[in-house]
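The lines below spell out each chain.
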Amino acid sequence: MSHSGVDHPRLAAEFVKNDSRAHWHDQALWFVRAKRDKAAQSLPEWETLRERASQIKRNVSANLADYLEEFEANATKMGATVHWARDAAEHNQIVLGLLERHNAKRVVKSKSMLTEECHLNPFLERHGLNVVDTDLGEWIVQLRNEPPSHIVLPAIHIKKEEVGELFHRKIGTDSGASDPTYLARAARKRLREEFLAADAGITGVNFAIAETGGIVVCTNEGNADLGTSLPKLHIACMGIEKLIPRADDLSVFLRLLARSATGQPITTYSSHFHGPREGCEMHIVLVDNGRSNILGSDEFRRSLNCIRCGACMNTCPVFRRSGGHSYKTAVPGPIGSILAPSRDAQQYASLPFACSLCGSCSDVCPVKIDLHHQLLTWRREITVRGHLPWTKRVSMKMARIVLVRPAIYRMAGFLLRKVVLRMPRALLYNPWNAWGKSRDLPPPPKQTFRQIYQQRHGK
Amino acid sequence: MRVGLFIPCYVDQLYPRVGLATLELLTRQGLEVDFPVEQTCCGQPMSNTGCCDDARPLAERFLEIFSAYDYVVAPSGSCVSMVRNHYAELVGDHPHYAAVRDKTFELCEFFTDVLQIERIEGAFPHRVGLHQSCHGLRELRGGRASELMVDSFSKTRVLLESLDGIELVELSRVDECCGFGGTFAVAEAAVSTMMGRDRIHDHQQAGAEVLTAGDMSCLMHLSGLIRREKIALHVMHVAEILAGYEVAS
Amino acid sequence: MASKQQILEAIRRQSVAPVEHPGVEGPWITYDDAPAQFAAALESVGGLCHFVADLPAVNAALAEIPEFSAAQRIYSSVPEIGGANVDMASIDNPHALDDVDFAVFSGEVAVAENAAVWVTDEHVRHKVVYFLSQHLALVVRRSQLVDNMRQAFEKIEFRAGRFGVFISGPSKTADIEQSLVVGAHGARSLHVFVVE
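Protein chains in written order, with our numbering: chain S, 10 to 468; chain R, 1205 to 1453; chain A, 51 to 246.
No wet-lab data here; the hints were simulated from the structure.
Don't take each hint at face value.
DSS-like, lysine-lysine: derived pairs with alpha carbons at most 27 Å apart [said to hold, decoys possible]:
1) Lys54(A) - Lys86(S)
2) Lys1434(R) - Lys455(S)
3) Lys427(S) - Lys1307(R)
4) Lys168(S) - Lys54(A)
5) Lys26(S) - Lys427(S)
6) Lys198(S) - Lys86(S)
7) Lys337(S) - Lys169(S)
8) Lys205(A) - Lys86(S)
9) Lys337(S) - Lys26(S)
10) Lys198(S) - Lys241(S)
11) Lys1307(R) - Lys446(S)
12) Lys26(S) - Lys1434(R)
13) Lys44(S) - Lys241(S)
Take a look, some chain S residues computed to stay more than 10 Å from chain R by CB distance [to be verified]:
14) Gln50
15) Ala195
16) Arg317
Short, incomplete list of chain S residues facing chain R, as computed with Cβ under 8 Å [what the hints assert, rightly or not]:
17) Gly14
18) Pro18
19) Ala22
20) Arg201
21) Pro326
22) Ser365
23) Asp372
24) Tyr418
25) Leu425
26) Ser447
27) Arg448
28) Leu450
Just so you know, even glycine gets a beta-carbon here, dropped at the ideal spot from N, CA and C.
Chain S on its own, in the form it takes in the complex:
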């Protein structure tokens, strides 16, 4: 699309080219969507819960500064230290400073989309630290030296044979072994060594409770808990929108999160931290990084409701077929296509168009973000800011010129039916006919509807 930015159509076409793999990817994610449907069906109050969650999150947006101050005061009372970072660079610097002060060399991390957003790993590695992502999927992509392709299922794009080959090379599993249980056991053994040797644990935050000063981290593997129960330093990194007013609000969000994400009734571990263990330190880094800007936009504010369940990715017919890497952002898919342009509209101008506007994401979202409407609004914003490719700009202008004048419209229709659609196939299906590459154009009717209507009604 724009020459310097992410070219989603090209990256998507590359992914689609491998038809069997694209279908395999589509089906794996559709399977997760189907599990989500089943989990949601098990609660007659599902739609009430969604509405409730949405309203709580909007209440948070309306009082965010107050809740943040309340959270800091209470977290401090609980014995944690709260840090504030305006952007990714400041966040990374704070984390590095804490690690250096504790002379930490080996760091175990559990899943945190915020640290992906801030590119914390490469930053720490540049400063000589050893950082291990301990979520199995994240560890796999880390070993492959690539980013996660999905926020909940980081390695959803990788086949088990490829994991087997990777583990064989990196940790010496049997050559040719691809049994997921065997591979996961090997990872368990290896990562236990990392947990036991770690000097510090970094986690993300699913929810931060203003009323109590506590944070909640949800995992299935138990990696966040191992990573924070052994080393003496726990650093929790979170975007400022992760606040919720009260602990009781968790009774709404914990019911929605895992059901929406994977179809589980709740994650295996929902860990509530209120201050550090005895003799240890707990630090919480609150990161803005553009969020306060989004807060000011009536159109996009609701994107801050997001609880990072990934359901919009699993349901998105484009994401399922184009793969998470085609978005080139830490958070891909529908929600990512809203968040990324707010950071850099030119760079990510193609993402709001990587969408057929089917609306499935808006209906699946547990906090009722009007995702597809926001994507549409972004298209307008991108046009206004001049990032729309000239091909689209010019064709829409021409269409308008034709369509505002019925006489020209009838003439253009005549040309379409009598000339264009009757051209020899070789001419009609030329290399510039993107529609016709895979699809036939409709056979031209003899008369338009209006001609028939006017004949019948003598007008």
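Fit chains R and A to the known structure of chain S by using the hints.
Only chains R and A this time, still in chain S's reference frame:
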């Protein structure tokens, strides 16, 4: 009751049969139906591409052309959604906006909600796959979207099922998008094509003879693939089936 | 502290219309047979539920579990549970708990809708044993079983330095081709004993 017939531009030019079927269905109900010939396009393609300045004059024309009618009816959930849900941002302060918005209906919802008719006389003894066009489903709420945990319904399905002899086949993905998406079909042609093929395959495996939908745009995309790949599946708009038209060859 | 002030000011500069907090009461699900629902939910997440009359019966049931019988190092936070041979009080470094094979804890609340059991580190010096132990058993009283998460949070309190976690089933991952593998980093099996 005077009904203004709103026939989307590409239906007018390429699918006159769908326009005629809509006209006949409404006329048979004893309604006075008029097709204002100065109409062209509602402006959706421009709006969905982000070009509001190009869409606005078309939206203004639309309001002026259709303000004189008691109801405006179109065989397209997508174009009706444009008027109902997206005109506010373009022409929200136009004097005719609110009135036209509230009286513009998609064909099937006009039958079930306004005329309160859920039975159509006629027969269609075929196995039919109903493609739930997204905008009719999720923007107009013409049925239950599979994501929502509410009671199941579909205004289109109710009308189709009232025909004698019709058999609606069960799809494995009941309301997945076909991949048309306006300019998306061209800008993201690879994904769009794969989505379309997957939908067609679902209808095939379900044993459909005829694939139908409430939006001709989805069907233009799907039939383009079907014709290219010489698949044995007929494509008809819901209006054609309800009006009693023969299966198109 | 400059960053804090800047962030708070940036937020306060934005005018956001007030939205009322809706409260958390609602028509939340209840079950005719909560224990049966709990057991079914636990099974669906890879755990096993045992209904027993009293604590001696827990001991008897544990003896039937192969992982318990084979365990060399056993920790229990429930004094009545037999066979425990890890003395947490004498261990200063949590890393020393790496070899625990089986651990038994008492749970404070059990939730029927999702098989979650709320446990804390109140009487557990090193919480890591919840996650390091190869196998896990949780003991809850029938009276501690609630229908849904709303009821669960009514029973939970948070205090400084206190860690609490809902555990629902054994640890698991589906990160390799969506194939469910039980026993990711934490417990490889989970038994819940519901005591009358």
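Consistency of the hints with the structure:
For the hint linking Lys54(A) to Lys86(S), the alpha-carbon distance of about 18 Å falls within 27 Å, and the restraint holds. Between Lys1434(R) and Lys455(S) the CA atoms are separated by roughly 23 Å; this keeps the pair inside 27 Å, and the hint holds. About 36 Å separates the Cα atoms of Lys427(S) and Lys1307(R), which puts this hinted pair outside 27 Å; it is violated. Taking the CA atoms of Lys168(S) and Lys54(A), the gap is near 44 Å; set against the 27 Å cutoff, the hint is violated.
With a C-alpha separation of about 35 Å, the suggested pair Lys26(S) and Lys427(S) falls outside the 27 Å cut-off, and the hint is violated. With a CA separation close to 38 Å, the supplied pair Lys198(S) and Lys86(S) exceeds the 27 Å bound. Between the alpha carbons of Lys337(S) and Lys169(S) the distance comes to roughly 23 Å, so the proposed pair stays at or under 27 Å and holds. About 22 Å separates the Cα atoms of Lys205(A) and Lys86(S), which keeps this hinted pair within 27 Å; it holds.
For the hint linking Lys337(S) to Lys26(S), the alpha-carbon distance of about 18 Å falls within 27 Å, and the restraint holds. The hinted pair formed by Lys198(S) and Lys241(S) meets the criterion: a straight-line CA distance of about 22 Å does not exceed 27 Å. For a cut-off of 27 Å, the pair hint linking Lys1307(R) to Lys446(S) is broken: about 40 Å separates their Cα positions. A distance of roughly 21 Å separates the Cα atoms of Lys26(S) and Lys1434(R); the hinted pair therefore holds under the 27 Å criterion.
Between Lys44(S) and Lys241(S) the CA atoms are separated by roughly 38 Å; this puts the pair beyond 27 Å, and the hint is violated. The beta carbon of Gln50(S) is not kept farther than 10 Å from every beta carbon of chain R, the shortest such distance being approximately 6 Å. Distance check for Ala195(S) against chain R: the nearest CB is about 35 Å away, which clears 10 Å, and the non-interface claim stands. At the 10 Å boundary, the C-beta of Arg317(S) stays outside the reach of chain R, the nearest C-beta of that chain being 18 Å off.
Given hint, Gly14(S) at the interface with chain R, is violated; its Cβ is 14 Å from that chain's nearest Cβ, farther than 8 Å. At its closest, the beta carbon of Pro18(S) sits 5 Å from a beta carbon of chain R; the interface hint therefore holds under the 8 Å criterion. Contact between Ala22(S) and chain R, as hinted, is supported at the beta carbon level, the nearest pair being about 4 Å apart and thus within 8 Å. Taken as an interface hint, Arg201(S) does not check out: its beta carbon lies about 39 Å from the nearest beta carbon of chain R, beyond 8 Å.
Proximity of Pro326(S) to chain R holds as hinted, the smallest CB-CB distance being about 5 Å (cut-off 8 Å). Annotation: Ser365(S) was flagged as interfacial toward chain R, and the flag holds, the nearest CB pair being 3 Å apart, inside 8 Å. Interface hint at Asp372(S): satisfied, since its Cβ lies 4 Å from the closest Cβ of chain R, which is below the 8 Å cut-off. Evaluation of the Tyr418(S) hint against chain R yields a held restraint, the C-beta minimum of about 5 Å falling below 8 Å.
At a threshold of 8 Å, the smallest CB-CB gap from Leu425(S) to chain R is about 6 Å, leaving the interface hint in force. Contact between Ser447(S) and chain R, as hinted, is supported at the beta carbon level, the nearest pair being about 4 Å apart and thus within 8 Å. The criterion of a C-beta within 8 Å of any C-beta in chain R is met by Arg448(S), whose closest approach is roughly 3 Å, and the hint holds. Given hint, Leu450(S) at the interface with chain R, holds; its Cβ is 7 Å from that chain's nearest Cβ, closer than 8 Å.
Checked against the numbered hints above, the structure breaks hints 3, 4, 5, 6, 11, 13, 14, 17, 20 and satisfies the rest.
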